[in-house]
Amino acid sequence: MPKGRNLRRRKRWTAWLGIVPVLVFCFAIEIVPIMMMVRGSVIDSKGNFTLANYASLGIPLYVNSFINSIKLSSLSALIGTALGTLIGYVIYRWPLNRVREALITLSDVTTNFAGAPLAFAFIIILGSTGIVTQFFLQYLNIKIYPEFSVYSLWGLVLAYVYFQLPLMVLLIIPAFTGLRKEWFESAQNLGASSFQFWRRIGLPVLTPSLVSGLVLLFANAFGAYATAYTLTGSSLTLATIQIGFTVTGEVRHDPGIGLAMALISLLIMGSCIASYQWATRAARRWSSR
Amino acid sequence: MAYLELTDVSKSFANVAAVKNFSLAIEKGKLVSFLGPSGCGKTTTLRMIAGFEQPDSGTITLGGQDITVVPPNQRGIGMVFQAYALFPNMSVAENIAFGLKMKHTPKPEIEKQVDSVLELIRLSDTAKRFPHQLSGGQQQRIALARALAVQPQVLLLDEPLSALDAEVRLALRGEIRRIQSDLGITTIYVTHDQEEALSISDLVVVMNKGDIEQVGSPIDIYRKPQTRFVATFIGTANQFTGEMSGEHTVLCGQYQLNTRPPADRIASGSAVLVLVRPEAIQVEMEADPRPSVNAIPGMVETVTFHGAVTRLGVNVYGQRVVADVTETNTGVINLNQKVWLTFPPEVCQVMVQNE
Amino acid sequence: MASRLNTKHKAPFSYLVILAFFLGYMLLPILATYLFSVATRWDRTILPEGYTLEWYQTAFASSYFTITLRNSLIVSMASVLVSLLIVVPTVYWVRTRLPEAKPLLELLMILPFGIPSVVLALALVQIYNMPPIARSPYLLVSATVIFSMPFMYRAVSNAIEAIDANTLTEAAQSLGAGLGPILTRVIIPNIFPGILSGSLLVFATVFAEFTLAKLITGAGFKTFPLLLVEYTRKNGSVAAALSVISFTIAWVASMLILLVGRSGKSGRQEHAPTH
Ligand SMILES: Nc1ncnc2c1ncn2[C@@H]1O[C@H](COP(=O)(O)OP(=O)(O)O)[C@@H](O)[C@H]1O
Ligand SMILES: [Mg+2]
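Chains as they are written, first to last, in this note's numbering: chain Y, 1 to 289; chain D, 1 to 355; chain U, 1 to 275.
Bear in mind the hints are in silico, worked out from the structure with no lab data behind them.
Quick caveat: nothing in here was measured; it's all calculated off a predicted structure.
Heads up, the beta-carbon is just placed ideally off N, CA and C, and yes, glycines get one too.
Each statement offered as a hint is correct.
Chain U regions said to be covered by chain Y (calculated; three or more residues, Cβ under 8 Å): (1) 37-45; (2) 96-102; (3) 235-242.
Which chain Y residues face chain U? A few, computed with CB under 7 Å, are given here: (4) Gly18; (5) Val90; (6) Ile131; (7) Tyr225.
Here are the simulated distance ranges between beta carbons: (8) U:Gly261 x Y:Val99: 14 to 22 Å; (9) Y:Leu17 x U:Leu107: 13 to 21 Å; (10) Y:Ser186 x D:Gln254: 55 to 63 Å.
Can you make the complete structure from the sequences, with help from the hints?
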């Protein structure tokens, strides 16, 4: 009898060997470096524990870069969620299958269109000599510059919404699809109006999806670097841009400050992803068929 | 000496004991069925024989060799799965050739063997098709051919027909039996369908909650169930409770039943159960004059037409007893009619009531 | 989409307006870039003043063009290869032998989404600062694999969920196959569409990757997006031409993914009895 037991235990144990490669890789390239970074941010040159790095973040440059990052992420996430839900609903309700599929494909492609090419495209259309700027000037006689600038916070918001919007569309369409026709029909059958259906059933069911969309979009914007780097250079300071400077050495920061900023960004983004996971799970609870 | 032998094999998952001290000896060339309700451990036992699960304890031997720890791909045991499990990326011929390729069989021989098993299952014209182009019944026959192509020592089938519709199921079950006896291959057939098990097997193993309830020929299993579970799981059985009043007589309150002599003597006064199949009961208008034949009076309460037979529900001293009668004597039976249920001692299976 | 709420046959006008806005927002930047890349001059007028292919010639003639394109191809293909090697066997293993490790695997594949790429770049540059690895293409590929592996994982794990991997494995085992033949002859051919679309996704993502390349290797191993950003500050028209080239690569990958996805589905769809 003991023979069989040992054998079974050995088999389980060896099975875990199968995921060693992926574990080693993730630890070596992701988890350990990040943990070292966390450690580095609270240790001074003599190896003693210190919060000095975090204390030095109080100067306006760093405070502003976080404020800007949060403003940009919140604005682009809010606008993306609102418009994305509206557009997602229109796509979901669109009568022709082919049109719906084409629009979903378009969203799929455009949400991955970020970074330098996107930033540059916005310079082409909204720069001081961009085509939309020209259009406003020549046909509507409106000077959008210098009040607006594509290199400003709002310019970045417009560019970010470009990839946030289709992402929200992709996230929300399955949630609409999850609203079952039978719910609407039984609500009507019980005397509810369309508005009452949305208020009492539709929106509550969609809420977790909206929340998960919002936090995902926020994280998506917060971690972005390439678009902002291309578009603003150093005119608008963001947390990721400042951290980037630490790495490239373009601007000399105290290395500990870079680590502290990185850690705060990590915490902000990590909690977004954790809430995203939590909210998606809540959203899935409704859709169990 | 038995060909395939399981000795005290046990297996549990987390905290569920799926199979408990399972011991069974199977002779070469026989078709053995594992029959039992869903969840009773049939699949688990089969998978331990195939090597997909490791027993927690016990041994499995094949042809005298201990195979308990041999990996599944070196056991030479063929398996047919409920969901066919044909490789969707391979044609029928490639599926069948797969096992031979794994054995590095020379190409011409593979072709010959593929042709011959395709012929065996009478599907030679499907060789170039892909699984998704075949019906469920055809797919299952291909799966059978694929398992047979490597000439395994033992063939295991896990509810191979349960995904198919009734007509195909019936035809295919005959086909499986024919091929099995033609090839003389030792086969274990798992099913929860009693009719399937009884019609196809040399030996039936009735299982319940991880235990073997009874092992026997289909006829024995049906006629001489040894446990209450077997009697009620297979077919329908009337149960009379009483106490042993002689070597083969049982006193059941107001009446006494003469039974077949029990296999092991049962002490007088023991609480026992007498099982009688509905079709073994004759429904008569008068008591049988012969004293050895059991005759108990009752009142017809329900009459249900079942096609070949009509099933009567008869109230016997407050207990509902069912009896199946054939067309010839249905005409004269009406509701609320007083009748005599008569049946010979040979159809009365007595067992100690231990629950 | 059988259960869509009460379907109408004609879209209301408000829907058309919303859709037009969406299409405009999504298409205008792309169209503008295409047009800009072939415009002689386009800073005083609504439409370009003339058309030319000069910017493409300039782009192609740049010595950095081939180098950066080659570097980007190297990084993308290496990332595809590494994530294939890591993800495919792991997903198969966890699916068939170690289902209890699935939550752990899922967690590992979510983690990168919670890490800003600048943060990972910083962490890697700090730890791996010894010569052959420091700021090397190897370090870059490792980092791009971390961020692109989840896409590969999604594609492969969806594909493996769609086939009955456990039963197919057992069927192959009962026919005498060991792990090697099971993977190469049974599992991989059946999840190939998933592997292919995962690879294309990883390729496209890594090809367009700017942050890690800029921060880890920088000028030492310049990739295509780095060249593009450089040109946005030097010569906008050439930058537009480079943008178009990078879109085109992304489009091709996306279209291939769609195509693969469709053929993968149709292969398994018809399960109807044929007689
Ligand atoms: N892989 C498994 N993990 C946990 N429990 C299992 C597993 N396989 C079977 N069981 C349990 O073991 C018992 C026997 O299952 P099984 O052998 O599949 O029964 P059968 O084939 O007779 O329907 C059931 O209670 C089932 O839930
Ligand atoms: Mg079973």
